[in-house]
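Engineer: Sequence:
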Amino acid sequence: MTDPARQNYWAVVPAAGAGRRMGTSIPKQYLPLNGRTVLEHTLARLANHPAISGVVVALAADDSRWPTLTLFSPMTGTGVVSSKAPPAEKATAPGVTAPIYPVRGGPERCHSVLNALEAAMTPEIGAREEDWVLVHDAARPCLRSDDIGRLIAALSHHPVGGLLGNRVRDTMKRTGPENEITKTVDREGLWHALTPQMFRLGRLSKALTACIGRGITVTDEAQAIELQSEGARDGAPCMVEGASDNIKITRPDDLRLAAFYLQQQSAAEPQPMEETIHEGTRRRKR
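Each residue of the sequence shown is one higher than the one before, counting from 1 in full-length UniProt numbering.
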């Protein structure tokens, strides 16, 4: 059995989408959120986790906003590279632990993730087929470090992998073309699928390649693994309960909710020891 502490964990962030449902001229991953862009919050959450060796972010071919991100100030190696060539540079940022590698995305999420996986396994980055990869939505900036750790702890010995999720708690209705209710769906065993979704690099790469080859557009990585795992002896992906504030920004109201969650998370973080001591000293002097 492999020691999880000795395994390598990488992150992939597909960020080539336009986010049309937001109704803005700016892709949702570049919308401002509490002093940064949505994408900067997301990348920082992943790159600052101690288990993550590096983050590969897939960008649109015509992305002109990436080089302007303040997360990478001073700028270092922020140019987008071809998905078919090894990334020659990485983006580094003050206060961000793991390197971030920009690569070119594709027309759909599955293509962007596959491009990122192929880039990760080049010698320049150094990921291996047997390493784990955590694929995370660019528009989920409220991911908790504890959730990353919980996912890794739950799946590091799992034969397939899995994803964060929330159990469905509301009554579920299925409707017809005119929004008329056709059925009340039993919520037992139903989950909301979240990200990150964690699988072996090689297995996920093969699963996505197979889906694309068959003309199947999967909506998440777990679906590709499910299709690959049909009839397999090692089972199916596993769900891991995550925090409910790991929301995906899809509509304008979500941006305001994400801002609130980030503020709440920041307020709950313990202060550095030096600040705590100074604050205590100030209180005693009053």
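Warning: the hint list may mix true and false statements.
As the list claims (entries may be wrong) - In silico EDC-like pairs for lysine to aspartate or glutamate, Cα to Cα no more than 20 Å straight-line: (1) K206 - E108; (2) K206 - D234; (3) K206 - D63; (4) K206 - D146; (5) K206 - D254; (6) K206 - E269; (7) K206 - E178; (8) K183 - D170; (9) K206 - D220; (10) K248 - E118; (11) K248 - E230; (12) K248 - D131.
Said to hold, decoys possible - What follows is a set of in silico ranges between Cβ atoms, one per label pair, in the way DEER data are often shown: (13) D253 - A18: 35 to 45 Å; (14) H192 - G126: 26 to 36 Å; (15) R6 - F260: 33 to 43 Å; (16) R169 - A268: 15 to 25 Å; (17) L227 - E129: 16 to 26 Å; (18) F260 - K173: 22 to 32 Å; (19) L190 - F260: 21 to 31 Å; (20) R169 - A267: 20 to 30 Å; (21) E180 - R150: 19 to 29 Å.
Bear in mind the hints are in silico, worked out from the structure with no lab data behind them.
Beta carbons are placed, not taken as given, at the ideal position from N, Cα and C, and that holds for glycine.
Engineer: Each hint: holds or not?
Structural biologist: Hint-by-hint comparison with the structure:
As the CA atoms of K206 and E108 are separated by approximately 17 Å, the hinted pair is consistent with the 20 Å bound. Our distance criterion of 20 Å between C-alpha atoms is met by K206 and D234, whose separation comes to about 16 Å. This hinted pair does not check out: K206 and D63 have alpha carbons roughly 28 Å apart, beyond 20 Å. Proposed proximity of K206 and D146 is contradicted: the alpha carbons are some 29 Å apart, above 20 Å.
At roughly 34 Å between alpha-carbon atoms, K206 and D254 are farther apart than 20 Å, so this suggested pair is violated. Taking the CA atoms of K206 and E269, the gap is about 40 Å. The hint is violated against a cut of 20 Å. For a cut-off of 20 Å, the pair hint linking K206 to E178 is broken: about 40 Å separates their Cα positions. Note on K183 and D170: the hinted pairing holds, with a Cα-Cα distance of about 14 Å set against a maximum of 20 Å.
Of the supplied pair hints, the one linking K206 and D220 holds, its CA atoms being roughly 14 Å apart against a limit of 20 Å. The straight-line distance between the Cα atoms of K248 and E118 is roughly 26 Å, outside the 20 Å bound, and the hint therefore fails. Taking the CA atoms of K248 and E230, the gap is near 29 Å; set against the 20 Å cutoff, the hint is violated. Restraint check for K248 and D131: the C-alpha separation of about 26 Å exceeds 20 Å, so the hint is violated.
Against the hinted window of 35 to 45 Å, the Cβ-Cβ separation of D253 and A18 comes to about 19 Å, which falls outside the hint. Restraint check, H192 to G126: a C-beta distance of roughly 34 Å satisfies the suggested window 26 to 36 Å. For R6 and F260, the hinted distance range of 33 to 43 Å is satisfied, since their beta carbons lie about 39 Å from each other. The supplied range of 15 to 25 Å is met by R169 and A268, whose beta-carbon atoms lie about 23 Å from each other.
Checking the proposed 16 to 26 Å range against L227 and E129 shows it holds: the Cβ atoms sit about 19 Å from each other. With their beta carbons about 28 Å apart, F260 and K173 fall inside the hinted range of 22 to 32 Å. A hinted range of 21 to 31 Å for the beta carbons of L190 and F260 is consistent with their spacing of about 27 Å. Between R169 and A267, the C-beta spacing of about 26 Å keeps the proposed range 20 to 30 Å intact.
Checked against the hint of 19 to 29 Å, the pair E180 and R150 fails, with Cβ atoms roughly 40 Å apart.
Checked against the numbered hints given earlier, this structure breaks hints 3, 4, 5, 6, 7, 10, 11, 12, 13, 21; the rest are met.
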